[in-house]
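Participant: Sequence:
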Amino acid sequence: MTATYTFDVFSSLDGFGAACGDWTGYWGKQGPELLDHRLAQYSAEQRMVFGANTYREFVGMVADASEGDDVFDPWVTRMRHLPATVVSTTLRGPLDWPDATVASGDAVDVVARLKEESDVPLRSHGSLAMNRALMAAGLVDRLQVTLFPVITGRNGLAPIFRGAADFDLELLDQRTLDGRIQELVYRPTPHA
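The numbering of the sequence shown is the numbering used here, which starts it at 359 and goes up by one.
Derived from the structure by calculation, the hints contain no laboratory data.
Misleading hints may appear alongside valid ones.
Simulated pairs of lysine to aspartate or glutamate, EDC-like, Cα-Cα distance not exceeding 20 Å [to be verified]:
(1) 473 / 457
(2) 473 / 403
(3) 387 / 536
(4) 387 / 431
(5) 387 / 403
(6) 387 / 499
(7) 473 / 499
Listed next, with one range per pair, are the computed distances between beta-carbon atoms [to be verified]:
(8) 402 / 474: 14 to 22 Å
(9) 526 / 466: 19 to 27 Å
(10) 415 / 439: 30 to 38 Å
(11) 542 / 521: 16 to 24 Å
All C-beta atoms in this analysis are idealised placements derived from N, C-alpha and C, irrespective of residue type, glycine included.
Using the sequences and the hints, build the whole thing.
Facilitator: Okay, here's the thing in C-alpha cells:
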C-alpha cells in the first residue's frame, strides 16, 4: 500500500504563499482555532518532505526568530520534530533539523519511492516548485489549502501555482477556522 502524500500550503485569496511589507507569516489573521487545528494535524504520526529551498528558509526563520514569534507556535515546533526528508541535489548532511535526512535526486523519483516505502503518511508544508512537479507527476493525493482573508496584490510573494499544470479539484473536506480562515482539502487530478 502506498502512503498518502499531502501538499499543505498557506495562501492569500490571490494565490500568494507569502508577502513582504508589514504582513506577518499568517497575514496577521491566526487565531486559537487555527493554531489548535494545526497542532492536531501535526500531532499524528507522519513524515515531512521538504525541498532544499524551503528547508533553508525554515532553518533561517528559526535562527532569526526570538521567543514568542510565530516560528515557535506549538504546531511549528511539532513539525520540526517529525521525521523529515529533504529532497536536494546540493545539500549534504548532517542537517540543522531534528530527525531530518537528505534524499539526493529528482523529487519525483524520491517521493515515488517514499510513497512506496513509508508506513506513515507524507506531508509537505510549502516547497512550492517541488510540489508543483509532484502534482504534475500525479504523486499528490491531497492538496490542503489554508486560505487567509487577505489580498496581497502589491506585496505578494511566492505565487503558489504559477507555472503549474492544469488540474481538476475534488473537494474532500472544508472548514472555517476562527470565523475567517478557510481550510480546503482537495484531491487533484490532471485536467484532460
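Participant: For each hint, tell me whether it holds in the structure or not.
Facilitator: Hints, verified against the model:
1. Between residue 473 and residue 457 the CA atoms are separated by roughly 19 Å; this keeps the pair inside 20 Å, and the hint holds.
2. Distance restraint check for residue 473 and residue 403: the Cα-Cα separation of roughly 15 Å lies within the 20 Å cut-off, and the hinted pair is therefore satisfied.
3. About 9 Å separates the Cα atoms of residue 387 and residue 536, which keeps this hinted pair within 20 Å; it holds.
4. For the given pair, residue 387 sits about 14 Å from residue 431 by alpha-carbon distance, which is consistent with the 20 Å threshold.
5. Simply put, residue 387 and residue 403 have alpha-carbon atoms about 27 Å apart, too far for the 20 Å limit, and the pair is violated.
6. Between residue 387 and residue 499 the CA atoms are separated by roughly 28 Å; this puts the pair beyond 20 Å, and the hint is violated.
7. Restraint check for residue 473 and residue 499: the C-alpha separation of about 11 Å stays at or below 20 Å, so the hint holds.
8. A C-beta distance of roughly 20 Å is found between residue 402 and residue 474, which places it inside the suggested range of 14 to 22 Å.
9. The given range of 19 to 27 Å is respected by residue 526 and residue 466, whose C-beta atoms sit roughly 21 Å from each other.
10. Here the CB-CB span from residue 415 to residue 439 is close to 18 Å, at odds with the stated 30 to 38 Å.
11. Roughly 21 Å separates the CB atoms of residue 542 and residue 521, a value that falls within the hinted 16 to 24 Å.
This entry does not satisfy hints 5, 6 and 10, going by the numbered hints stated previously.
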